[in-house]
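Colleague: Residues per chain are reported as follows:
There are 2 protein chains.
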Amino acid sequence: MQKQVEYSDAIKTKYPEQVVIAIAKDKNGKANPITLGWTMIVSGSPPMMAIAVAKTHYSIEAVTHSKCFTIAFPSSEMAEAALFFGSKSGRDTDKFAEFDCETVPAKTIDSVLLADAVANFECTLESQTPAGDHIIFIGKIVSSHINTESKKRLYTVGPGHKLDSAS
Amino acid sequence: MQKQVEYSDAIKTKYPEQVVIAIAKDKNGKANPITLGWTMIVSGSPPMMAIAVAKTHYSIEAVTHSKCFTIAFPSSEMAEAALFFGSKSGRDTDKFAEFDCETVPAKTIDSVLLADAVANFECTLESQTPAGDHIIFIGKIVSSHINTESKKRLYTVGPGHKLDSAS
Numbered sequence: 001m002q003k004q005v006e007y008s009d010a011i012k013t014k015y016p017e018q019v020v021i022a023i024a025k026d027k028n029g030k031a032n033p034i035t036l037g038w039t040m041i042v043s044g045s046p047p048m049m050a051i052a053v054a055k056t057h058y059s060i061e062a063v064t065h066s067k068c069f070t071i072a073f074p075s076s077e078m079a080e081a082a083l084f085f086g087s088k089s090g091r092d093t094d095k096f097a098e099f100d101c102e103t104v105p106a107k108t109i110d111s112v113l114l115a116d117a118v119a120n121f122e123c124t125l126e127s128q129t130p131a132g133d134h135i136i137f138i139g140k141i142v143s144s145h146i147n148t149e150s151k152k153r154l155y156t157v158g159p160g161h162k163l164d165s166a167s
Numbered sequence: 001m002q003k004q005v006e007y008s009d010a011i012k013t014k015y016p017e018q019v020v021i022a023i024a025k026d027k028n029g030k031a032n033p034i035t036l037g038w039t040m041i042v043s044g045s046p047p048m049m050a051i052a053v054a055k056t057h058y059s060i061e062a063v064t065h066s067k068c069f070t071i072a073f074p075s076s077e078m079a080e081a082a083l084f085f086g087s088k089s090g091r092d093t094d095k096f097a098e099f100d101c102e103t104v105p106a107k108t109i110d111s112v113l114l115a116d117a118v119a120n121f122e123c124t125l126e127s128q129t130p131a132g133d134h135i136i137f138i139g140k141i142v143s144s145h146i147n148t149e150s151k152k153r154l155y156t157v158g159p160g161h162k163l164d165s166a167s
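Residue numbers (this note's numbering), protein chains in the order written: chain R, 1 to 167; chain W, 1 to 167.
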């Protein structure tokens, strides 16, 4: 049976929620990672993915500048990196300089991959559209990579940025 | 270490992927449910969610007609309903007439809620944007509901529409 409640209560039922780390270079060439839960696949042919980024976040400038971005699926071992990249701003922090997280150059776009992620997807920016307090960036996937070792994806499993594998 | 692979191989690392059932009434007033994995929250204030629907699907017509839709989080007990709603077309099937799944009227929009779902969100269509072979519908959440019993969300946990709770 359903009962009507405030959205803030109802949305607590969303967990586990997938986590990605999106990476785009800013106008100075600094690769800026941001941790996001609001992401989805949006097309099968061609393969495309979307991310929703808060309008106030520095990643808006970086993606708008470089017109491409990486979407990495962090592994369950990367919770600390995900928390760091999600809690600092690229406006005043070089996140990859301050947190030890190995990167490798992307193959097709001007960005980087996360060496220890479960998978990395290189995206060219196809379009963007506003939605409330966020902007949705839609990317076409032009290269895909997986880890040579089998790893589990990272999820937010409960309120308060509680991160873990989903099972 | 990363190795470059085909997208179709890399995307196999996405599981578990959340499942929602989106419901919109068509021009004849028939409520049409469709099971979707491609969905995300897109705004916090106001709360908004997006769904990506294949351009060929009947739900495009229903959402475009009614300009509102429900997003239900099915429970882990609703795998059969999710499979049925995801494999039939509303063009030639009255899905709620053919599959026993209790509905209740929505409170604010002209749609229905799923009585046994973990949660239901009533959305008014704010905008839409094409993305490859899908259309992204962006909805503003105007009412939220949760189940009076504690239930687990349903996820796709592996290839071949393997549905279960995530843990």
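Hints are supplied without guarantee of correctness; some may be wrong.
Quick list of in silico lysine-lysine cross-link-like pairs, DSSO-like style, CA-CA up to 30 Å [stated by the list, open to error]:
#1 W:Lys88 - W:Lys3
#2 R:Lys151 - W:Lys162
#3 R:Lys12 - W:Lys152
Chain W residues, not near chain R, derived (Cβ > 10 Å throughout) [unchecked claim]:
#4 Glu6
#5 Lys14
#6 Glu17
#7 Pro47
#8 Ser76
#9 Ala79
#10 Ser144
#11 Asn147
Example chain W residues on the side facing chain R (calculated, C-beta under 8 Å, incomplete) [as the list claims (entries may be wrong)]:
#12 Ala10
#13 Val42
#14 Ser43
#15 Ile60
#16 Leu83
#17 Phe84
#18 Gly86
#19 Val104
#20 Leu125
#21 Thr129
#22 Ile136
#23 Ile146
#24 Pro159
#25 Gly160
#26 Lys162
#27 Ala166
Calculated directly from the structure, the hints in this document are not laboratory data. Just so we're clear, the structure is a prediction, and the values are computed from it rather than from any experiment. Beta carbons are placed, not taken as given, at the ideal position from N, Cα and C, and that holds for glycine.
Colleague: Would you settle whether the hint for W:Val104 is holds or violated, based on the nearest Cβ-Cβ distance to chain R being less than 8 Å?
Modeller: holds (6 Å)
Colleague: Does W:Ser43 pass the interface hint, meaning its C-beta sits closer than 8 Å to a C-beta of chain R?
Modeller: Result: holds, 3 Å to nearest chain R Cβ.
Colleague: Is R:Lys12 close enough to W:Lys152, meaning Cα to Cα at most 30 Å?
Modeller: holds (12 Å)
Colleague: For the restraint on W:Lys162, tell me whether the closest CB of chain R is nearer than 8 Å.
Modeller: violated (13 Å)
Colleague: Against chain R, does W:Ser144 keep a CB gap of more than 10 Å to every residue?
Modeller: Nearest chain R Cβ is 4 Å from W:Ser144, so the label is violated.
Colleague: Taking the least C-beta to C-beta distance, is W:Phe84 closer than 8 Å to chain R?
Modeller: violated (21 Å)
Colleague: Would the hint on W:Val42 be counted as holding, given a Cβ-Cβ threshold of 8 Å to chain R?
Modeller: holds (4 Å)
Colleague: Taking C-beta pairs only, is W:Ser76 more than 10 Å away from all of chain R?
Modeller: Since the minimum Cβ distance to chain R is about 12 Å, W:Ser76 lies beyond 10 Å and the statement holds.
Colleague: Does W:Ile146 meet its interface restraint, that is, does its C-beta lie within less than 8 Å of any C-beta in chain R?
Modeller: The hint holds - W:Ile146 has a Cβ within 8 Å of chain R, the shortest such distance being about 5 Å.
Colleague: Identify whether the interface hint at W:Leu83 stands, where standing means a beta carbon of chain R within less than 8 Å of its own.
Modeller: violated (19 Å)
Colleague: Let me know if the C-beta of W:Ile60 comes in closer than 8 Å to any C-beta of chain R, holds or violated.
Modeller: violated (14 Å)
Colleague: Given W:Pro159 as an interface hint, is the shortest Cβ-Cβ distance to chain R below 8 Å?
Modeller: Violated: closest Cβ of chain R sits about 14 Å from W:Pro159, beyond 8 Å.
The structure does not agree with the numbered hints 1, 4, 5, 6, 7, 10, 11, 15, 16, 17, 18, 20, 24, 25, 26 stated previously, though it agrees with the rest.
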